[in-house]
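Knowing the structure of chain U, use the given hints to seat chain S on it.
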Amino acid sequence: MSVSELKERHAVATETVNNLRDRLKQRRLQLLDTDVAKYSVAQGRSPVKFGATDLVCCRTLQGHTGKVYSLDWTPERNRIVSASQDGRLIVWNALTSQKTHAIKLPCAWVMTCAFSPNGQTVACGGLDSVCSIFSLSSTADKDGTVPVSRMLSGHRGYVSCCQYVPNEDAHLITSSGDQTCVLWDVTTGLKTSVFGGEFQSGHTADVLSVSISGSNPNWFISGSCDTTARLWDTRAASRAVRTFHGHEGDVNTVKFFPDGQRFGTGSDDGTCRLYDIRTGHQLQVYQPQGDGENVPVTSIAFSASGRLLFAGYANNNACYVWDTLLGEIVLDLGELQDSHKNRISCLGMSADGSALCTGSWDSNLKIWAFGGHRRVI
Amino acid sequence: MSAPSCSVGGEVGGETCSALANSSLPPPCPKSPPEYPDLYGKRREAARVQMLEREIGFLEGEIKFIQGVQPASRCCKEVSDFVVANSDPLIPAQQKSQRHGRFWKWLCCGIPCLSLASFCCCCRSECSCHLKKPKCCIGSKCCGGSCSSNSCCCSSCSCFRCCCRSCPDLSCCMPTCFRSCTRPSCLNKKKSSCCRCSCKIRLSSCFRCPKLRLRCCFCNCKNLCSNPCCLAF
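Quick mapping for you: the protein sequence lines, in order, are chains U and S.
If you use full-length UniProt numbering, the first sequence corresponds to residues 1 to 377, in order.
If you use full-length UniProt numbering, the second sequence corresponds to residues 1 to 233, in order.
Just chain U, same shape as in the assembly (with noise of 0.2 Å):
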């Protein structure tokens, strides 16, 4: 077949799958009946409502001298690891601020972080591509270097995000600049299997976030600057299982809800969404009113049950919490005292769903728990 031939079948079929695509995007819509909000009202559920003191910042995690990028917790034993532009990984005590361990980097301009289920490894990577696994029972020097137990080479871009499978300390997934997810062997330090990629069905930009199912570990959800999310079955890596259209902008971050059968996201159009991942569905869109310019989402996080998604944004210190069923803020973060002074550039729910840390431009890590009324026994 000569090459106008074959330009001409690349323009045919261009347009084929342009209008299939019509089709879908229409179909769906005709399925769209109701969202989670206008369903919720119509239930009468109560709004939530929070009092001056009923989520008060306890800790403030002071120790880095940079921005702080990405933050994780432990899945018990209330740990945290943190990364930050000053090139370090923080790991502390939750409950008594204390750093346990302070890791200088190899290479410093570190994005993400990520704690091994049995806690004793963590993981980051960034703009070296690599993504460096360090053990926390080796022994730092006096500059507070810790040997890297194993390197994760193989991205061909930054590694935006990573998180290790649940319950398996031997598997970790990477998100990268080079428009793929790899799924790695920790053990060996190599691909077991890699998800898009130039002549894969896959993303086709930048992917900046991942989130793996606490309920199924096969699936996992990334975001990307394509601006759309997919679902993943990591036995069966050749294409996503469904892709999730909606977002105008980046999907910075995405993170699975609760019940494992959906998932949130947070983008540059300055929304927050929940899709069905049975149904690809957009079931709800969170966004703040106002005529002002979008302001980008940075991070998300969900409550225990689900009913509070907890969103920073790229302006200032804001950190919305939404009440996810009837799609109102119903507190600012940013407000409470002891708030941040800069962005929030990361958060996490701890394991019991207790405590929220975020990690802010201001180089704090703060947890926020439930203040509430307490009496004296």
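Quick caveat, the hints were computed from the structure, so don't treat them as lab data.
Remember, it's a predicted structure, so these values are computed and weren't measured experimentally.
Glycine included, every Cβ here is placed at the ideal spot set by N, Cα and C.
Some hints could be false.
Selected chain S positions facing chain U (Cβ under 7 Å, derived; list incomplete) [to be verified]: (1) E45; (2) C76; (3) F82.
Then chain S, alone, in the frame of chain U:
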């Protein structure tokens, strides 16, 4: 003045340029290179067409799938039912019925404190409340404050802000002296300016920066080891 190259298809040989310049024939001009088939471009185009045709298959499959999909209202009901059925430590209405719970540990380690300003240091099985947060200590030496054995429970701490170890004077320590920076010895100098950072990293390739549609190259270190993607990172 060097003689210009006159080799054009081997036609010219032996004649000097001055002879050519004086002849009535037009000056030679290089021929365009022969047209080689662009095999790489053709294969790449074929691969793109294959990808599009595969995408067509996926989309047709998706359209078939969606014929049997339930409407969004059923999914909304599932969301609502799940939220209502599960307790949430952070929601006020549910907290009033729980006097004790795991969330207490964030405030008082499970024992009453005199005021909201109190913080607890929980060390193994014992907790005690203090008006100030315990400092980071190594034995009896604490970073930035005094420390009694009853108020701290530190397993291992270090003064993270003191990074210029070679400096005899703590004022010489700059928090921006990271591993990638050189830290000249300050033994003979007692000024904080003696601790300087310089970038030892020499990048042969450019970083592709997140959220930017351009590449940032090299480590631009004037005063500090700055991030090469400093515009948006």
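Each hint tested on the structure:
| no. | hint | in the structure |
| --- | --- | --- |
| 1 | E45 | holds, 5 Å |
| 2 | C76 | holds, 4 Å |
| 3 | F82 | holds, 5 Å |
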